[in-house]
Amino acid sequence: MNLLRRLGAEPVTPRKARTTLILALILIPAAFVVLVPYLWMFTTSLKVRGTTGLPPYLFPNAFEFDNYLKAWLAAPFLRYYLNTTIVAVAIIASRVVLASLAAYAFAFLRFPGRNLLFLLFLGTMMIPFQATIIPSYLIIRDLQWFNTFQALIVPRMVDAFSIFLLRQAFISIPRDYLDAARLDGCSHWQALWKVVVPLNSASVVTMGLFAFLFAWNDYLWPLLVANSEQMRTIQLGLQVFAGRYQTEWTYMMAGTVTATLLPLILFLAAQRSFISGLTRSGLKG
Amino acid sequence: MQVRSAGSHNWFTRLRRSDISTALLFLLPSLVILGVFNFYPIAGVFRLSFFKWDNLSPTKTFIGLDNFIRLFQSERFWNSLKVTAEYTLVVTAVSLFLGLVLAVFLNNRMLLGKSFWRSMFFLPVVTPTVAAAMVWILLFNPGFGLVNVVLRALGLDGLNWLADKTWALPTVMSLGIWRRLGFTLILYLAALQSLSKEYYESAEIDGANALQRFLHITVPLLRSTTIMLVILGVIDSFLVFDQVMVLTRGGPDDATEVIGMFMYLNSFSLFKLGYGAAISVVMFVVVAVFTLMQWRFVGFGSAGEAE
Chain C
1 MNLLRRLGAE PVTPRKARTT LILALILIPA AFVVLVPYLW MFTTSLKVRG TTGLPPYLFP
61 NAFEFDNYLK AWLAAPFLRY YLNTTIVAVA IIASRVVLAS LAAYAFAFLR FPGRNLLFLL
121 FLGTMMIPFQ ATIIPSYLII RDLQWFNTFQ ALIVPRMVDA FSIFLLRQAF ISIPRDYLDA
181 ARLDGCSHWQ ALWKVVVPLN SASVVTMGLF AFLFAWNDYL WPLLVANSEQ MRTIQLGLQV
241 FAGRYQTEWT YMMAGTVTAT LLPLILFLAA QRSFISGLTR SGLKG
Chain R
1 MQVRSAGSHN WFTRLRRSDI STALLFLLPS LVILGVFNFY PIAGVFRLSF FKWDNLSPTK
61 TFIGLDNFIR LFQSERFWNS LKVTAEYTLV VTAVSLFLGL VLAVFLNNRM LLGKSFWRSM
121 FFLPVVTPTV AAAMVWILLF NPGFGLVNVV LRALGLDGLN WLADKTWALP TVMSLGIWRR
181 LGFTLILYLA ALQSLSKEYY ESAEIDGANA LQRFLHITVP LLRSTTIMLV ILGVIDSFLV
241 FDQVMVLTRG GPDDATEVIG MFMYLNSFSL FKLGYGAAIS VVMFVVVAVF TLMQWRFVGF
301 GSAGEAE
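Protein chains in written order, with the working numbering: chain C, 1 to 285; chain R, 1 to 307.
Just so you know, these hints were derived from the structure itself, not from any lab. Mixed in with the good hints, there may be bad ones.
[Claimed, not checked] Quick partial rundown of chain R residues pointing at chain C, CB under 10 Å, derived from the structure:
1. L24
2. F37
3. F39
4. P41
5. N108
6. M134
7. V150
8. L181
9. I235
10. F238
11. Y264
12. L273
13. T291
The structure displayed is predicted, hence computed values, not measured ones. By construction, the Cβ of each residue, glycine as well, lies at the ideal position given by its N, Cα and C atoms.
Given only the sequences and the hints, what does the whole structure look like? Please build it.
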């Protein structure tokens, strides 16, 4: 609709036609280069076994969906999916609860040392995960948590970035809303879940999306603490599978598509809140 | 209205005296998690860096600064810093440049389907690194990989990319750039959209052409976005690990052994935990310096979490 209106409303001058042509000549090849890995992955995953060295390379002409079945039978991908889903859901749920609570405290409650504590929390953002990985690994070992879900979930239950993101959103809501809720007899707990969080649902969703991607793409930490066949999450499982079937390109790419599709679909479905969350947190801070 | 708000203010001041217990309750879970898995480990890694420990023997031996001295005398450590610096420089610079150029084209008001294009370029950012690395292994396969197929069609010789001491690092970089490009593009595009049209209108009247407008108006106006993207890019690239682990494990020889890989191999393959902790401390210091720079120049909040 928009396209028709725009084409109809503005007369096509030679200059506009030239600009459109230049844009197409630059953007189409650029997007093509960026998308080639996906085309190649998808096409290879559907090829007849043994024909991976032959064209076509980018658009499938065979549709061997059997490859997916074989890949899924050769490695417990269902198990990997299930494990990853459990970890992701647990991390998202706990971050929504714990980060909201902390953000509420920093945004609305008055207590001594508030700013200092907030700075301390923010300070953890300058600690890269790799700098703390040895002691974290030793903690998991001492707790005897190797190859358990809690090893993958508990250290990630909350993070400073989520708290910061929500706190920035919370302080922007009109103070009157909260006052009214409190005057109506709401406790802080009720005010948080009945007023503050619903008013900031977009930010909470953004935070949840980041948490999902984080859990889905996680690799190094599961590699260290949960690398048994039963406990592997999807990216780790994919790597082990690929190591085992390195020469079976069709199965390998079927497995890779399996490990890639969900975040891509989720992003395309929720891209607006995704991109706005990213630009907001990145630009304004 | 005035009266009510004055009244509620008093009411709130009184109420806030009881905020301490609520605040404690609300913050306690986060304090425990961050304490156990952030504050304690960062203190622990500094402590461990003064010890020699193989992870098996019951006692750790205090050796003072020996780990750091050996580290700074190790050629392999300096090599890893050099490799990391090269990776960081190339990936950050190229993804910033391409991201900016593409953002300018995407910002053109005559472009149809802007959000479609934006999504296309952003897809790699949300693609799992390990999965992308699997595709890279095949794309750069010496036999049937697409890159060599294309090169041979052009009459050139293919290469064994990931096994070649000269080309392995650029191959790893290409994956890094591919995954980073969408991120810089999105942030540049958002910044461009917030620029005032007036600058451009007066420039157009002055007869400045597109390139001149880009160089003399757009680039300077985007300065703060560029600073932020450089700092975030440096932090992100400096910590690169997943794609190196999957593609090369640091090889061939140590041609792609970035510092994260160097730390991992020492800590979890050789189990030299004290030495590994010393490398971790170096990584922490570098990242902390750049994070402080970001806070100084850009303000709080990092958009690096999505990776």
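Looking back at the hints listed earlier, which ones does the structure fail to meet?
Of the numbered hints, all hold.
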